[in-house]
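Single-letter residue listing:
Number of protein chains: 2
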Amino acid sequence: MDLIAPLDALFLLAESREHPMHVGSLQLFEPPEDAGPDYLREFRAALLADKTVRPTFSKRPATWLGAPQMAWTQDDDVDLDYHVQRSALPGPGHVDQLLDHASTLHSALLDRHRPMWELHFVEGLADGRFALYSKMHHALVDGVSAQRLMRRTLTTDPFATELMRPWNLPRKPGPPRPGKSRLGGLIDTVTSARSSTTALMRATRTGLVRQQLTLPFEAPRTLFNVPIGGARKCAVRSWSMDRVKQVKKATGATVNDVVLAMSAGALRAYLLERNALPDKPMIAMVPMSLREEDDVDSQGVKVAALLCNLGTDIADPLERLRVVSESTRRNKEVYRSLTPAQTLAMAGVMLSPMAAMLLPGFASVATPPFNIVISNVPGSRESLYWNGSRLDATYPLSIPLDGQAVNITLTSSGDNLDFGLVGCRRTLPDLHRLLDHLEDSLAALEDAAL
Amino acid sequence: MDLIAPLDALFLLAESREHPMHVGSLQLFEPPEDAGPDYLREFRAALLADKTVRPTFSKRPATWLGAPQMAWTQDDDVDLDYHVQRSALPGPGHVDQLLDHASTLHSALLDRHRPMWELHFVEGLADGRFALYSKMHHALVDGVSAQRLMRRTLTTDPFATELMRPWNLPRKPGPPRPGKSRLGGLIDTVTSARSSTTALMRATRTGLVRQQLTLPFEAPRTLFNVPIGGARKCAVRSWSMDRVKQVKKATGATVNDVVLAMSAGALRAYLLERNALPDKPMIAMVPMSLREEDDVDSQGVKVAALLCNLGTDIADPLERLRVVSESTRRNKEVYRSLTPAQTLAMAGVMLSPMAAMLLPGFASVATPPFNIVISNVPGSRESLYWNGSRLDATYPLSIPLDGQAVNITLTSSGDNLDFGLVGCRRTLPDLHRLLDHLEDSLAALEDAAL
Numbered sequence: 001m002d003l004i005a006p007l008d009a010l011f012l013l014a015e016s017r018e019h020p021m022h023v024g025s026l027q028l029f030e031p032p033e034d035a036g037p038d039y040l041r042e043f044r045a046a047l048l049a050d051k052t053v054r055p056t057f058s059k060r061p062a063t064w065l066g067a068p069q070m071a072w073t074q075d076d077d078v079d080l081d082y083h084v085q086r087s088a089l090p091g092p093g094h095v096d097q098l099l100d101h102a103s104t105l106h107s108a109l110l111d112r113h114r115p116m117w118e119l120h121f122v123e124g125l126a127d128g129r130f131a132l133y134s135k136m137h138h139a140l141v142d143g144v145s146a147q148r149l150m151r152r153t154l155t156t157d158p159f160a161t162e163l164m165r166p167w168n169l170p171r172k173p174g175p176p177r178p179g180k181s182r183l184g185g186l187i188d189t190v191t192s193a194r195s196s197t198t199a200l201m202r203a204t205r206t207g208l209v210r211q212q213l214t215l216p217f218e219a220p221r222t223l224f225n226v227p228i229g230g231a232r233k234c235a236v237r238s239w240s241m242d243r244v245k246q247v248k249k250a251t252g253a254t255v256n257d258v259v260l261a262m263s264a265g266a267l268r269a270y271l272l273e274r275n276a277l278p279d280k281p282m283i284a285m286v287p288m289s290l291r292e293e294d295d296v297d298s299q300g301v302k303v304a305a306l307l308c309n310l311g312t313d314i315a316d317p318l319e320r321l322r323v324v325s326e327s328t329r330r331n332k333e334v335y336r337s338l339t340p341a342q343t344l345a346m347a348g349v350m351l352s353p354m355a356a357m358l359l360p361g362f363a364s365v366a367t368p369p370f371n372i373v374i375s376n377v378p379g380s381r382e383s384l385y386w387n388g389s390r391l392d393a394t395y396p397l398s399i400p401l402d403g404q405a406v407n408i409t410l411t412s413s414g415d416n417l418d419f420g421l422v423g424c425r426r427t428l429p430d431l432h433r434l435l436d437h438l439e440d441s442l443a444a445l446e447d448a449a450l
Numbered sequence: 001m002d003l004i005a006p007l008d009a010l011f012l013l014a015e016s017r018e019h020p021m022h023v024g025s026l027q028l029f030e031p032p033e034d035a036g037p038d039y040l041r042e043f044r045a046a047l048l049a050d051k052t053v054r055p056t057f058s059k060r061p062a063t064w065l066g067a068p069q070m071a072w073t074q075d076d077d078v079d080l081d082y083h084v085q086r087s088a089l090p091g092p093g094h095v096d097q098l099l100d101h102a103s104t105l106h107s108a109l110l111d112r113h114r115p116m117w118e119l120h121f122v123e124g125l126a127d128g129r130f131a132l133y134s135k136m137h138h139a140l141v142d143g144v145s146a147q148r149l150m151r152r153t154l155t156t157d158p159f160a161t162e163l164m165r166p167w168n169l170p171r172k173p174g175p176p177r178p179g180k181s182r183l184g185g186l187i188d189t190v191t192s193a194r195s196s197t198t199a200l201m202r203a204t205r206t207g208l209v210r211q212q213l214t215l216p217f218e219a220p221r222t223l224f225n226v227p228i229g230g231a232r233k234c235a236v237r238s239w240s241m242d243r244v245k246q247v248k249k250a251t252g253a254t255v256n257d258v259v260l261a262m263s264a265g266a267l268r269a270y271l272l273e274r275n276a277l278p279d280k281p282m283i284a285m286v287p288m289s290l291r292e293e294d295d296v297d298s299q300g301v302k303v304a305a306l307l308c309n310l311g312t313d314i315a316d317p318l319e320r321l322r323v324v325s326e327s328t329r330r331n332k333e334v335y336r337s338l339t340p341a342q343t344l345a346m347a348g349v350m351l352s353p354m355a356a357m358l359l360p361g362f363a364s365v366a367t368p369p370f371n372i373v374i375s376n377v378p379g380s381r382e383s384l385y386w387n388g389s390r391l392d393a394t395y396p397l398s399i400p401l402d403g404q405a406v407n408i409t410l411t412s413s414g415d416n417l418d419f420g421l422v423g424c425r426r427t428l429p430d431l432h433r434l435l436d437h438l439e440d441s442l443a444a445l446e447d448a449a450l
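Residue numbers (UniProt numbering), protein chains in the order written: chain A, 1 to 450; chain B, 1 to 450.
FYI, nobody ran anything at the bench for these hints, they're computed from the structure.
Owing to the predicted nature of the structure, the values given are computational and were not obtained by experimental measurement.
Any given hint could turn out to be false.
Taking lysine to any residue pairs in the SDA-like style, the calculated list, with each CA pair at most 25 Å apart, reads [as the list claims (entries may be wrong)]: (1) A:K51 - B:G91; (2) B:K51 - A:T427; (3) A:K51 - B:G229; (4) B:K248 - B:T104; (5) A:K332 - A:G252; (6) A:K248 - A:S412; (7) B:K51 - A:R274; (8) A:K51 - B:H432; (9) A:K245 - A:D392; (10) A:K249 - A:S412; (11) B:K248 - B:T427; (12) B:K51 - A:D96; (13) A:K51 - B:E439; (14) B:K51 - A:K51; (15) B:K51 - A:P429; (16) A:K51 - B:L450; (17) A:K51 - B:T104; (18) A:K245 - A:G229.
Covered, in the sense of this in silico footprint (three residues per stretch, anywhere, with C-beta under 8 Å from a C-beta of chain A), are these stretches of chain B [said to hold, decoys possible]: (19) 53 to 62; (20) 110 to 122; (21) 148 to 161; (22) 384 to 392; (23) 424 to 433.
Heads up, the beta-carbon is just placed ideally off N, CA and C, and yes, glycines get one too.
Please take these sequences and the hints and turn them into a complete structure.
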């Protein structure tokens, strides 16, 4: 039995039927040309043939000192048949049915009596592709690490014969361990330096408060900043990376700035449509790397939770992009002015941006500290395959929270940027409208800049 | 805001992620001959066209005096699109895939932020039929009433043009109100007579303890009598009513006795297979009507929670049937010797046999008071239709509990007896084996009796 790290325990403690604390992803695959009708069934059977399960995929919460959030125990008899499931879409098998299905899967709590992860192979898409919905508890792995982990099942070789299983990946060579361990190390470092999670959070607040001083306003209350229910709506779409890069080139902004401005325009349109646009601009929390392009010091973790003025009060798309760029630039500066311990603490929070929201008292830092988390998770530009099937898209599905009823997470995949939106179903029954607004917002940037 | 009746509140209080407290049913329908590929989509759309929702289907738990289990509030904006869902089976769409799907649906908790019911239209069965999985929280409706309610959406007319919706059924004529209200009335009567749920339970215990005195042994501990996890396995199958009736005729037993003996034989075989058959016979709790065939007094509720010696220690099928018949007969006698208040209390428990298990202290009546609940819910022998689709089967899916890891509920439907078995997935990963044992057990009774 191992003790659960304090930050991870937080995700178990904070979880309730209204607040599932798992990260998900929805991937689309094109099966190989010679795939028969039993391809997926045989794929799953081949995966399940290896019953070796690594510790991350075989540990489950144990009750220790009366609390079920304190310790992990190893499950010696993992029921892979339960963890790897098949399902199908009802007709006509279009994206609407896929999103309904993903929303249902993403709403359900993971079973705490088992290792807290699930894979779902979804067939019945009209275009002949299949989907993989995967789900891991945030106490096991944060969103970035989950993404990396699923990446490691893939290969650039369409004809590879070796089949990788997420639950039994070969150990990575070399000293830099994957995200989760890094986070663990971080927590060790920070907690030994500052002696408690409270101290860690105090440092984080200092960082956020200092950034807020550079912003023109505190975050306004919007319809997104309300308590949430347990049901989810998911919406996903891909945009060509080339379109975003052309706006970047024409304006001198970064890719991330363009993505933020595109999101800001969509949020503005969504709120305008509902007569609910606040006078003051919305503030996003954006996990972001601080490393410069020419920074070769690969050892240090230089990631930060940046606050960004989204300029949602501004109608002109280029002016909005300028405000966003200015805001991210200035808050990166603030970041660099923090003490190393503060930077380290913030980095810990960046790896799990949700952790901050969960801490008692955090909500009182400011009212509210920010309106939305927009997260750009590193992806891969290569063509990738699993069992001969080509990966077409990877949509991250993250965690809405009380006061943060919608989350936007995106990742690069091949030549695309794949957006995954997750909202509280009650607060955003028409979440899919945001997809159209994202397209309109990017088109407006193109019109203005090109 | 209405207060929740004490017995109903119990089902909300007792619910946890390990113990979902909803009753379900899985129905199979044969679509009309002229049904096109869009039949189910149009069926659902037609259902959703009427947005009038009666109180039972629009109330949800409200937080009152700090407790979310005390009061109902009406939801004025029921999101029917959420409550009525479509899904599909992966290939090859056989009964295995259907049971996997039903098991997943039956494992998930209902959302307490909404009225606590769901309907799922399931397509993709290889034989062209479709399934309807329905689910209601036990705090809304008990299993018998849920069954009756779904029955009222059906008609004997295959060409009926009026479409009935479970959430907006016309009021029933005449004074006898449907099950739920009757239960409500019962509780009112009992609680006003005895002033508290505790008193009600005290009366129930008296009844159970008196019955236990007529049994040869107390219930032994078996592998079914363990704490349970949150995941479920469902297994369903139909048997011809004629086969059961022939055994009944040849032996002079009742249909219910034959069903109990059939179940007993299956449980015996399942335990034998695992070298886990106790020396002492298993005891079933069997909700049963006490009304004689010629009893025309339709006002009184004459149902009881009978304890039955299943004779699982006996190899000979006819001898086992004899023990079962003798046991049910003697315990009906005991029942008749109870005071009217005690009978009334027991009747309340019969309408929700699970309630007894949930009460603190109940488990200490005896160790354990019984091994399994086997419930025969009244069904219909007529051919029934919904939107022109013929009902082929109705499998009740009930609630396993701590100490009662498997539940057997059956109902008559057309010319069949439809069995629905629900087990804790961890305790009974191979629940489906019980289906084969049920068949073998009935065949053994036929061989011996005919």
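* To do: Output the numbers, in ascending order, of every earlier hint that fails for this structure.
  => When the structure is compared with the hints, numbers 4, 11, 13, 14, 16, 18, 19, 21, 22 turn out to be violated.
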